[in-house]
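Chains as they are written, first to last, in my numbering: chain A, 1 to 490; chain B, 491 to 793; chain C, 794 to 1082.
Hints were generated in silico from the structure; no laboratory data involved.
Treat each hint with caution, since some may be false.
Unchecked claim - Which residues of chain A face chain C? A few of them, derived with a C-beta cut under 8 Å, are: (1) 68; (2) 70; (3) 79; (4) 82; (5) 85; (6) 86; (7) 303; (8) 304; (9) 307; (10) 329; (11) 330.
From the three backbone atoms N, C-alpha and C, an ideal C-beta is built for every residue, glycine too.
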Amino acid sequence: MKKLLIGLSIVALACSTSVFANGASETKSSEAQADSIYVYNSKGENAKQFAAMCAAYETETGVHVKNFSIGSGQDHMATLRAEMNSKDKPTVYSIQGMKELPEWEQGGFVQDLSKVTTGDFGKMVQAIPEGLRLSSDGINSYGVPYNVEGYGYIVDKAMLKSLFGTDPTADIQAATYSEWANFVTTLTSWIKAPSKMDVTFNGKTYTLAASKDALSSKLNGVFVVTGSEKWTYGDHLLNVAINSVFSSSRDAASATDAQVAQLESSFIRYAQVLDLMTSNLAGADGPAQRGQALVSSSKFGYDQGVQIFAQSKALLLKQGNWAYGNIEGVDSNMASRLEFLPVKMPYEASDVKVNKSIAQLNSSIPVFVPNYYAVNALASDAKKQLAYNFLYWLNNSKTGKDYIINKFDFIPYNADPSTTTVPNSLGNSIISYIDSDNTISAPYNGSPAGWSGDVVGKKVMEEYLTKATWATADYKAIADYAVQKWQDMN
Amino acid sequence: MNIYKKWFWPLVAPALILFIAVILVPFVVGFVNSFLAWRGTYYFNPETNSRATNILQSFVGLTNYKEALQDERFMHAFWYTIEYTIIAVIAINVFALALAILLDNISKGAGALRTTYFLPNMLGGLALGFIWQFIFQIVYTDILFAPDSILHNEFLRYMTQNSNKAMFALVILNIWQYAGYMMIIYTAGINNIPVDFYEAASLDGASAWVKFKKITVPMLMSSFTVCLFLVIANSFKMLDQNIALTNGDFNTRMLALQILRTVKDTTPPNYGRAQAQAVIFFVIIAIVSITQVRVTSKRELEY
Amino acid sequence: MADMKTFSESDYFRKKKIQKIIIYIVLLLIAIYTLAPLYFLLVNSFKGNVEIIDSPLTLPKSWSFQYIISAASEIHFFKALGITAFITAASVSLIVLVSSLAAWIMVRNKSKASSFVYLCFAAAMLIPFQAIMYPLIQLFEDASLKNIGGLIIMYGGFGLSMSAFLYHGFAKGVPRGVEEAALMDGCNIFQIYSQVVMPLLSSITVTVIILNAMWIWNDYLLPFLVIGNTTHKTLVLELYFARILAGQYGNPWELIFPAVLITILPMLAIFLSLQKYIVKGISAGAIKS
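Using the sequences provided together with the hints, build the complete structure.
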């Protein structure tokens, strides 16, 4: 007994000395130093590179940057709130778009950057394109974009080559929805029994190979749908449909019930597209169907979806450029051959309320700003100025830009699309969509909190992805529910 | 004796100070916040629709409580937690008692088996969640209870994807984690029952069942009090396993998770309402636990 | 007659034997079931991401330690182990000292104040963490105690009530005569406490140590809220942040499995070497409380 207690105390003592030996390296509080700022970064994936960038800034300018990175998962807001309640508040922090803005705006934590009109930083803020601005009323401007991201159907160019013997990308991008849907069903039968089959894209005929080759013989379905990830069809696919009625998250956020009701027919298109996708599914061990397995996170979770695609079992994966690293982890050769195809919807003229044609909508991919750097309104003027200098440096200096493009693997929001390339195939594909002006935005961010993923996405996951056959009535039911809930939650 | 009286306050003081600083003051502050339009980082003034300059401006009376009780999700979580607790309390205790009795019947290897059953209790919740998700989604669904298995059972497949099934999945996970602990408490209770009670009963020709009913159960009442208390408290407050298995999807949010998620369901985050839910949560736990301890303590035998 | 008797007796023993065999089979099956998740954790700690997703249940293609080694460096294993051990040891010592003192003196000095304090501690056991979480963190922030020291104080407060409860039950059993004798010999109150009372309470002390050490070691939420993403993280926090930093999208399974494995190993080792005390300690705590 006594021996046990003595043993435990020795262990404890040994451990505590090791802690105190380490204890000396505590970082200095940023408030204590006049020449320092505190940057809170909610993109945890680049934590190490971010810290290196802050160190580089200190070397160049002598201003100390305390930095803190956390992943954008569950608890990032809880942590940021705790930091805001502390004595050492962040000078610069991140806001994930319109969803997170209201609390910081209402609480008076966020500096309106449109009021900064002088200096390089002022010019930089004024130059942020309207579509990328974080604004609650169209005049104010609450942040500097981290980067831009985009999503669509990811496809392996080598797979297209192996199917068609040529590169049909440009015509697929311009194809109509009915051409696209026809291609999907044709490809499904080709996978079952390959023979020369004709499909048309943009009015031109393409012929599928007479037999499978080494690459295409791995295919077992057209789409991989990660049924357990509500955000892929709740947030992102819904967003494509919302683009037919609202062109920005601000429009969506200020929508009346009547305007929301206009989404009904587009949501029916959404359900049709989801039906097409989930009727032509690939799986890990052969074609998959809707059912309980599809919403299982061990079978159709994010990682499993990436793996199915990266093992060439599916032609298309609806995801964003953030999936690049995951795909690279499975097959680095394939990663260099990726590009985006647009998500098309069977719109009719009456569905579209924005100033775009159906053809334009169906050849565009959503490009949006996931994160903004905001400046703390409660900081002293001197600190604010330091924050402005830092943000200007990050987005305009040679070193800063190098970090953004080459270390963070970001697409800079202020890059000239005709001259910029990034070391990442999906990033370059997005840049070319920007260059050709084939982009739509992320108005779903203006929908009520939780509506897209936790309400509509959840309903689709729990009741529809598990249901083997869908009828037209189901499309209507999904659309009714989505519209109704948006109005209720507003 | 005077010395104890003289030293009462000095010796109780450290504990009392800790209690006041860590439990009492935060509890009172939280209680006050449940009547305010608290947003986590600031107090909201509903009159001006902006940040309150004075805390009194954000007083909203019983609004947070009203909203909590009208919140479908909160009420669903409430009933779900009650149902889960009833099932878990019965299942875990029956299982633990059965293990204790079975182990009482063997001698060789009993120690090793006891250690094995207790083992899961030593491991943290975060890690186990991942593993159990795999077990329910792969092992149960595709191997043990798959259509081509002799144990084929549709109920035990895809358990994390249905409100009712997920409740049983949680029960299974918690049996795995806690039954070993409760087993040790029951074993201690069983070892405390004088052997001559059973010998006398055997001479009277009592069957095993009669012995269990007339001797074991009444003699174990104090063990029941402890085990019921622990399992009820654990079930009511369960959070980690709830997050790990379903993350509240498929209508499986329990009260603790609901309180945590309330600030994510609302923008700006309604911390006042979450705090009101937490106060209601406390009242429920207090009523249930006090009632349980009173009822089972009354039945404890003194010998 | 004699023959009949032997027959029925051997029948009785055979029946007993079969019964025993069945009990063993049932118990072994349950044991296998209990250990299965750990098997699962073990085999996947030696696999890469692709292999884990493709074949999660089979033995690894090769028993290479590369994933375990990189996980250990990723979560700063030895440093985190030291911090976790320090926090656990300091918190448990605080709890043991404070709760045993309070419980003992409450038993010895029966008064209204004494029963009121006791009632407070009992009520504290019913308060769910959610009810005090946010104000607690704010309070400690304002007191400049949002650090490891503050964390230890918080654990002291949370562990206190249950432990005082256990000590209270056992202190009743300490014979007053022994203490009085010590007093006659000229011992002061602290000598009585340390030399007479605590040795008599050693079995429940083991229980208190074990119960508190277990939850403090494995706790995630409180360290997350208090020390968060600083350079001094506990094992569970390291695990949590390793998972988070690997990205919002996708799970780094080849990191999670070996990291979980090595974080539970110390606890496993302590448990296996001290299991006799642990089992005894929990039994002791249960009987008297």
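*asked:* Does residue 307(A) hold up as a contact with chain C if the rule is Cβ-Cβ below 8 Å?
replied: This interface hint holds because 5 Å falls under the 8 Å limit.
*Please verify that hint: residue 86(A), Cβ, nearest Cβ of chain C, below 8 Å or not.*
Hint on residue 86(A): holds, closest Cβ of chain C at ~5 Å, below 8 Å.
*asked:* Take the shortest C-beta to C-beta distance between residue 304(A) and chain C; is it under 8 Å?
replied: Residue 304(A) check passes; min Cβ-Cβ to chain C is 6 Å, inside 8 Å.
*When the least beta-carbon distance from residue 329(A) to chain C is tested against 8 Å, hint result*: 6 Å, holds
*Please verify that hint: residue 82(A), Cβ, nearest Cβ of chain C, below 8 Å or not.*
Cβ of residue 82(A) sits 6 Å from chain C, so the hint holds.
*Hinted contact residue 85(A) with chain C - closest CB pair below 8 Å*: With a minimum Cβ separation of about 6 Å from chain C (threshold 8 Å), the hint on residue 85(A) holds.
*Quick one, is the residue 79(A) hint okay against chain C at 8 Å, beta carbons?*
It holds, given that the least Cβ distance between residue 79(A) and chain C is near 6 Å, below 8 Å.
*asked:* For the restraint on residue 68(A), tell me whether the closest CB of chain C is nearer than 8 Å.
replied: 6 Å, holds
*asked:* Using the nearest Cβ pair, does residue 70(A) come within less than 8 Å of chain C?
replied: The hint holds - residue 70(A) has a Cβ within 8 Å of chain C, the shortest such distance being about 6 Å.
*Would the stated hint for residue 303(A) survive a check requiring a Cβ distance to chain C of less than 8 Å?*
5 Å, holds
*Would the hint on residue 330(A) stand, with a C-beta cut-off of 8 Å toward chain C?*
With a closest approach of 6 Å, the residue 330(A) hint holds.
Comparing the model with each earlier hint shows no violations; every hint is respected.
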